[in-house]
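Going down the list, the protein sequences come from chains X, R, H, P, Z and U.
My numbering applies: residue 1 is where the first sequence begins, and numbers increase by one.
My numbering applies: residue 1 is where the second sequence begins, and numbers increase by one.
My numbering applies: residue 1 is where the third sequence begins, and numbers increase by one.
My numbering applies: residue 1 is where the fourth sequence begins, and numbers increase by one.
My numbering applies: residue 1 is where the fifth sequence begins, and numbers increase by one.
My numbering applies: residue 1 is where the sixth sequence begins, and numbers increase by one.
Think of the hints as simulated: they come from the structure by calculation, not from any bench.
Treat the hints with caution; some may be incorrect.
Because identical chains share one entry, a pair is satisfied inside a single copy or across any pair of copies.
[As the list claims (entries may be wrong)] For lysine-lysine, the following BS3-like pairs were computed, each having C-alpha atoms within a straight-line distance of at most 30 Å:
no.	residue 1	residue 2
1	LYS25	LYS85
2	LYS85	LYS39
3	LYS25	LYS39
Number of protein chains: 6
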Amino acid sequence: MSDNADYVNEVRYQRGQAKIAEFSKGPSVTDSVMNTLNKVAPHMARQAMEFVLGDVLSRPGLDPRTRELLNVAVLTAIGAELELKLHANVALNIGCTREQIVEAVSQQAVYVGFPTAINGIKVLEQVFDARDAQGVSN
Amino acid sequence: MSDNADYVNEVRYQRGQAKIAEFSKGPSVTDSVMNTLNKVAPHMARQAMEFVLGDVLSRPGLDPRTRELLNVAVLTAIGAELELKLHANVALNIGCTREQIVEAVSQQAVYVGFPTAINGIKVLEQVFDARDAQGVSN
Amino acid sequence: MSDNADYVNEVRYQRGQAKIAEFSKGPSVTDSVMNTLNKVAPHMARQAMEFVLGDVLSRPGLDPRTRELLNVAVLTAIGAELELKLHANVALNIGCTREQIVEAVSQQAVYVGFPTAINGIKVLEQVFDARDAQGVSN
Amino acid sequence: MSDNADYVNEVRYQRGQAKIAEFSKGPSVTDSVMNTLNKVAPHMARQAMEFVLGDVLSRPGLDPRTRELLNVAVLTAIGAELELKLHANVALNIGCTREQIVEAVSQQAVYVGFPTAINGIKVLEQVFDARDAQGVSN
Amino acid sequence: MSDNADYVNEVRYQRGQAKIAEFSKGPSVTDSVMNTLNKVAPHMARQAMEFVLGDVLSRPGLDPRTRELLNVAVLTAIGAELELKLHANVALNIGCTREQIVEAVSQQAVYVGFPTAINGIKVLEQVFDARDAQGVSN
Amino acid sequence: MSDNADYVNEVRYQRGQAKIAEFSKGPSVTDSVMNTLNKVAPHMARQAMEFVLGDVLSRPGLDPRTRELLNVAVLTAIGAELELKLHANVALNIGCTREQIVEAVSQQAVYVGFPTAINGIKVLEQVFDARDAQGVSN
């Protein structure tokens with residue numbers, strides 16, 4: 001790939017890092033995922049930073065809080081507990097309320113069934129307890 | 001079940017019908033689902049009206065447009081094409097923009113993969129084409 | 001594989017065929033699946049006959065009607081519409097009632113959500129309509 | 001909601017509690033789920049009691065043992081391990097045999113594949129071991 | 001985004017187009033997906049070209065035929081019939097045999113169950129029939 | 001079942017055992033799964049040995065390394081972490097490289113989304129760390 005290409009990936013990478021910084025205004029978002037990717041599959045770490053954060057989650061057309069509520073709902077629906085924990089924290093960090101997040105999860109009982117929605121609530125319990133222990137305001 | 005119980009189910013049923021009316025301000029929402037349920041499993045038709053519409057989708061805590069964007073995202077993620085078509089229309093009927101809906105669907109490429117997200121976009125194409133053919137404003 | 005091996009597979013194959021015959025006491029069960037397998041992947045046709053029908057569905061420990069209700073419930077849950085249609089017919093052919101089958105499907109609204117359960121009910125509508133058109137008693 | 005409405009929800013709630021009592025004739029069914037829901041999303045605790053237990057699982061049309069075998073099969077199929085553990089205990093508490101439950105799980109190798117069915121068997125191993133340790137008869 | 005950024009995306013876009021050309025050596029791969037994306041969600045069309053084709057499927061580390069067999073297997077497993085049809089054609093176009101593709105699909109009966117694997121075989125039947133009708137050699 | 005039948009199942013069983021031996025040339029493949037099956041559902045232990053290993057994974061038409069890469073990809077896609085750990089070890093034991101396995105997993109970000117693919121990478125991290133700790137060459 002040419003130098004120009006590397007430069008531009010850097011642009012996307014930096015946009016991804018800015019997104020990470022925005023997400024981490026409150027309690028720091030776990031970077032254990034990035035550590036694993038950098039160690040085992042570094043190209044995925046770059047894809048996560050450039051494509052997921054730099055391209056998709058940085059897009060216009062939806063306000064960031066709504067994007068994060070969508071993530072909370074979908075991650076509940078697909079049972080991705082690790083990422084749900086991460087994005088529930090992000091959503092709270094950027095100003096969503098706990099009530100909104102509980103609604104985004106509990107509504108999924110209708111769409112993916114009670115067992116999956118209840119698993120999402122159990123993840124929220126851990127997130128809320130951890131934030132309470134840290135003395136975070138929301 | 002006592003008369004009182006029947007009366008109260010009627011309360012929840014009417015709240016569900018009010019939700020249906022709210023959802024149908026624009027092009028009418030398909031009632032083919034309700035027809036099938038009333039014919040084959042009438043108790044599910046009541047559950048859909050009372051529990052889904054009267055209880056869950058009528059809850060406070062999230063504005064109705066955000067609730068519908070969540071539904072659009074989750075129905076994309078689980079590949080429920082019939083219900084996605086229905087709720088994409090509901091979302092547009094209650095004031096979401098096409099751009100918001102496209103974002104809610106396309107963002108899922110990150111979370112459930114491109115094939116599933118692309119299927120969602122194909123459903124939106126049908127919804128938008130049908131609304132254009134009907135001369136609906138959004 | 002030795003002649004003995006072929007002979008024994010024949011035993012399992014015949015037990016599978018006996019199961020098919022039991023399943024087909026009423027309206028004939030579609031063999032379009034078997035035709036496709038025999039044409040494209042004949043080893044899967046043998047696996048379906050020997051392993052699925054000859055081994056698993058012929059096992060003791062559950063009465064055949066309960067086994068078929070389990071199949072109806074699980075095939076609803078995983079959205080396997082073609083196989084749900086087939087096994088709903090099998091269940092009715094071996095003596096399950098329509099009410100039991102509707103319950104087995106509609107109960108899944110709790111466990112996998114309303115969209116998936118409703119899709120199951122739509123399949124049942126087709127099955128019941130086809131059997132009514134054929135003048136089958138249940 | 002009117003007093004009448006509250007009264008009727010109480011009727012559904014009590015029917016749900018009766019179902020819980022029926023389910024708990026043997027070793028007590030874990031209430032950790034209810035504790036979490038009451039703490040984080042109390043409306044879901046009520047929905048679980050009124051809708052899931054009071055409405056759906058209290059319906060006529062299928063005997064309770066068959067309903068529970070369906071739950072065991074479907075919860076295996078969707079990989080809901082926590083709820084599978086709960087409903088395997090319920091099934092045994094209301095009179096299903098271990099053999100029936102093993103069949104309901106192992107049959108799913110055909111329908112959702114061996115990895116998922118094997119995970120179900122691993123849950124059963126935990127359930128059976130715990131009941132053996134408690135000296136429960138089945 | 002700067003001019004440089006646009007240029008580099010063009011590099012990735014062209015690498016994606018080269019991949020498309022490689023995939024289409026035999027019967028042309030359907031572009032109906034790209035048409036829909038360009039019409040409804042043009043940013044997804046660019047993501048598909050740049051990220052999916054230009055980045056991921058152009059990576060070193062696995063030969064292209066093995067990558068396509070993986071796609072055939074995974075698309076079978078997740079029930080993505082439209083994309084399975086597309087990638088089965090791609091796999092044949094770049095030199096995989098029909099036997100390899102049938103094995104990649106039929107093996108999934110073990111891992112995701114017979115209904116899903118059989119659906120994959122039905123897609124292959126359509127692909128093989130269409131190629132036979134077009135007089136393609138494999 | 002007749003003596004002949006038992007004999008032939010023994011043939012398939014031994015073919016399954018030969019496959020296990022082939023898979024275990026390097027670090028031994030965990031047999032905790034077989035222990036659980038033999039204890040709780042011994043008929044599934046035989047099915048795993050005869051059908052999965054003796055029939056399907058012993059088929060011609062695909063070289064064993066490609067079969068295992070397919071397993072790694074599909075087990076990632078369906079989130080079967082226990083079996084992914086097992087088959088990633090098998091793949092390495094029979095000569096696949098770590099790079100190939102990382103590609104087989106990371107490519108799935110496109111097809112089933114980043115959360116599921118990242119979970120796969122986390123499993124690989126455990127597998128690689130364990131093999132490093134054991135001093136295995138690949």
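A quick look at each hint next to the structure:
1. LYS25 x LYS85: within (16 Å within a copy, 36 Å between copies)
2. LYS85 x LYS39: both (22 Å within a copy, 18 Å between copies)
3. LYS25 x LYS39: Both ways: LYS25 and LYS39 sit 26 Å apart in one copy and 27 Å across, limit 30 Å.
In summary, this structure violates none of the numbered hints.
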